[in-house]
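There are 2 protein chains.
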Amino acid sequence: MSRAFNFAAGPATLPEPVLRQAQEELMDWHGVGASIVELSHRGPEFMEVAAQAEADLRRLVSIPDDYAVLFLQGGATAQQALMALNFTSPGQRVDYVVTGHWGKTALKQVRPYCDVNVAADGEPGGFRDIPGRETWKLSPDAAYVHYTANETIHGVEFHDIPDVGEVPLFADFSSSIASEPLDVSRFGLIYGGAQKNLGPVGVAVVIVRRDLLERAGQPRAEILDYRAHLKGDSMLNTPPTWNWYLAGLVFKWMLAEGGVEEFARRNARKAGLLYDVIDHSGGFYRNDVAVAARSRMNIPFFLHDPSLDAAFLERAAQNGMISLKGHRVLGGMRASIYNAMPEAGVQALATFMRDFQQRNG
Amino acid sequence: MSRAFNFAAGPATLPEPVLRQAQEELMDWHGVGASIVELSHRGPEFMEVAAQAEADLRRLVSIPDDYAVLFLQGGATAQQALMALNFTSPGQRVDYVVTGHWGKTALKQVRPYCDVNVAADGEPGGFRDIPGRETWKLSPDAAYVHYTANETIHGVEFHDIPDVGEVPLFADFSSSIASEPLDVSRFGLIYGGAQKNLGPVGVAVVIVRRDLLERAGQPRAEILDYRAHLKGDSMLNTPPTWNWYLAGLVFKWMLAEGGVEEFARRNARKAGLLYDVIDHSGGFYRNDVAVAARSRMNIPFFLHDPSLDAAFLERAAQNGMISLKGHRVLGGMRASIYNAMPEAGVQALATFMRDFQQRNG
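So the sequences go chain by chain: A and Y. According to the numbering used here, the first sequence is numbered sequentially starting from 1. According to the numbering used here, the second sequence is numbered sequentially starting from 1.
Honestly, the hints are just simulated from the structure, not real lab data. Honestly, I wouldn't trust all of these hints.
Note that the list lumps identical chains together, so a pair holds whenever it fits in one copy or between two copies.
Unchecked claim - Derived SDA-like pairs: lysine to any residue, alpha-carbon spacing no greater than 25 Å straight-line:
(1) Lys231 - Ala68
(2) Lys108 - Lys231
(3) Lys108 - Glu261
(4) Lys252 - Arg359
(5) Lys108 - Phe158
(6) Lys104 - Val184
(7) Lys108 - Arg220
(8) Lys104 - Asp233
(9) Lys231 - Arg111
(10) Lys231 - Leu107
(11) Lys252 - Leu26
If we strip away everything but chain A, and leave its shape as in the complex, we get (with noise of 0.2 Å):
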């Protein structure tokens, strides 16, 4: 087929000009007779790509200058184990509020370093809703706090920064970065896998206030520390450049589109169009999920009948809509509308949707 709208929930649709870039420059990166994945990381070239990304990037979030970047490797889960072991001290007291499953899994990357309080937890209401500021059971010599602004299967959004008082804040911006403007100040320490918002999977970005890099830590190995990928430039080994490049593409397409005050807008009518469909759909689709605390990004819903479940991802597709349902551990239907995915894709989405119950309601 063409290209379809694909609703996967990352690795997730990447901006067809992107693509088309990278598709054209491949065999050949700017006439030096070799691709940018042929090219060594030391390199002139690369080292340009590397430096301009991190530049659009700052542009593009807005990164105050006393916050250092890093791209890496690991994705964001890599990011959860190192997080305790660059910033805490052997069994110190880190606080974790957790609303779906990858604020979850999380603990399972930091147990083994430190004394995890889970400050709130959402698992008890079945990840429907954040659970109150004022019933978080915070510590005051915690490291840090550690919450997930997006949770992609659960669809659970936080719209406002928590405040925590004067314990750093860090926080899983995976599948929300670059999705609307965010005061970067308020944060310790911003990181995410790049695969649904900022491109392809396979590298990840840590964004941290630069002073939280002098506290030492646990007994690590250098490709385990943070301050040695910063003095190294994110090359402490070999980058992935290949992905790293693409990154670079889609923060340019991304600049070029109107930065993340225009992505704002367009998520917001994304996410209005498809929450309407559900919610005027009398019970023949179902979201979960406290209005309050909707995810803008991934919207998980339920048929009324799941038996109509195969029918609906077969039509689908046929109508040139892929990667609709929901992750395993929920179950039903799930469309994730990232910053990449065109306003175009989610109306037909809705005209499918209202189409489909008409037929089957």
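Fit chain Y to the given chain A structure using the hints.
For chain Y alone, coordinates are given in the frame of chain A:
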């Protein structure tokens, strides 16, 4: 320019048919309406790509069934930390044989966790030879013995597998895996970044004897645990799908070209050609490595007059040969001639070197 002969040490040249296929498939993989880099790693499309890549690698490198294969992020360097965490108890003795820059760098990843014994060290000799096996000071109680099969900077390569008795042998094969037949059963663990002989940067391969995974290891996050990665089919978190896919295409290409036996013949011819030019240059070119330890993969060489270096590189580039500048650690020149470097490229370089000598000798 059109495609040059690219002698980069890694990231390195890729087989042109592989790049061409990746280019053709970049916008739409096998008619599914999306790029492979946009599809879920858990979907049937990528699961098949991943399984096929493992099957092809097993066939290519003749990996016995009692060895597990992992496809991971973090490059070879991350594996150097993970092998300490997974296969040693805290502070346990490990033996390292150091024959070049990368073997030395590996120590930094292990020292925080282990009692490192440098059993043999080529550095006093300028890393120009491999210390004789009879001089190695191995420890009977070591968790493993580690060496670097091929040193990309110093151009030093083991041409036999050292006998270390009952202690498991671990080896960094980043730059020579699949370049010739290998008896995997002699090893406890083989690992390497893919960016030299196996494909693109951003994915590393670990081949490990399954019984070793029963060792308790040291306290570690789940994402640093090989057992967890194996249980999760190397998809504990989102894997670098495009890199894995491209490596898979390279495996298929190598099998179609005749497998490791054929590449062993080609690589011997290629290296022979360059060493021949150097050794018959009457000192115009120089390689300092003891003949028995010379690398088939990376050939560092020096011009007798370093003031000619810039002209050599410039004229080489004009003749369609790039990335010949030596690593900053050693200076001079370096020709990296992995599997994907065609014999025509090495012939062109040999001709150019003779010609350059004639004009400047």
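List in ascending order the numbers of the hints, as given earlier, that are violated by the structure. 3, 4
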